[in-house]
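Trainee: Please model the entire structure based on the sequences and the hints provided.
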Amino acid sequence: MTLNNIVTLFRFIVVGVSNTFVDFLLFFSLIALHVPYMWAQMFGYSAGVINSYIWNRAWTFRSVGGGKKQFVRFLAVNLCSLIVTIMMLHGFREMFPIVLNKMIATISGMAINWIGSRMWVFSEKMCCKEK
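In this text, residue positions in the sequence shown follow full-length UniProt numbering: the first is 1, and each later residue adds one.
There could be a bad hint or two in this list.
[Unchecked claim] What follows is a set of in silico ranges between Cβ atoms, one per label pair, in the way DEER data are often shown:
(1) 93 to 46: 30 to 40 Å
(2) 4 to 96: 36 to 46 Å
(3) 83 to 21: 15 to 25 Å
(4) 97 to 68: 23 to 33 Å
(5) 18 to 115: 17 to 27 Å
Simulated from the structure, these hints should not be mistaken for laboratory data.
Since the model is a prediction, treat every value here as computed from it, not as a measurement.
The C-beta atom is built at its ideal place from N, Cα and C for all residues, glycine as well.
Mentor: In structure tokens:
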């Protein structure tokens, strides 16, 4: 792993922490208001996705170019991640307390997002990054 990859991964993690904060804040606020967890997950996750795209494009991957195609790829990766996290929240709802369940689902979603973002969405080959 090169220094550049380590820096990029560190930035991705920092952005991921901020996304998680946005997501958890909205998710648990909605849960406190008795919104069903599936809806709370979709709204919280969506707010995190918006934060993620802005910061990952500008700071983590320093991406230029790509435009609409890049955004569509980003949404596709995040839709896959959302589906996995909802399936996990639903599948583990009886096994774990909601906080632990949410954390497990979030970590799984982050792994999907890292791989998808690094290899497909913000890949130099995919987004025509200029040096």
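Trainee: Does each hint hold? Answer for all of them.
Mentor: So, going through the hints one by one against the coordinates:
no., hint, verdict
1, 93 to 46: 30 to 40 Å, "violated (21 Å)"
2, 4 to 96: 36 to 46 Å, "holds (37 Å)"
3, 83 to 21: 15 to 25 Å, "holds (22 Å)"
4, 97 to 68: 23 to 33 Å, "violated (41 Å)"
5, 18 to 115: 17 to 27 Å, "holds (20 Å)"
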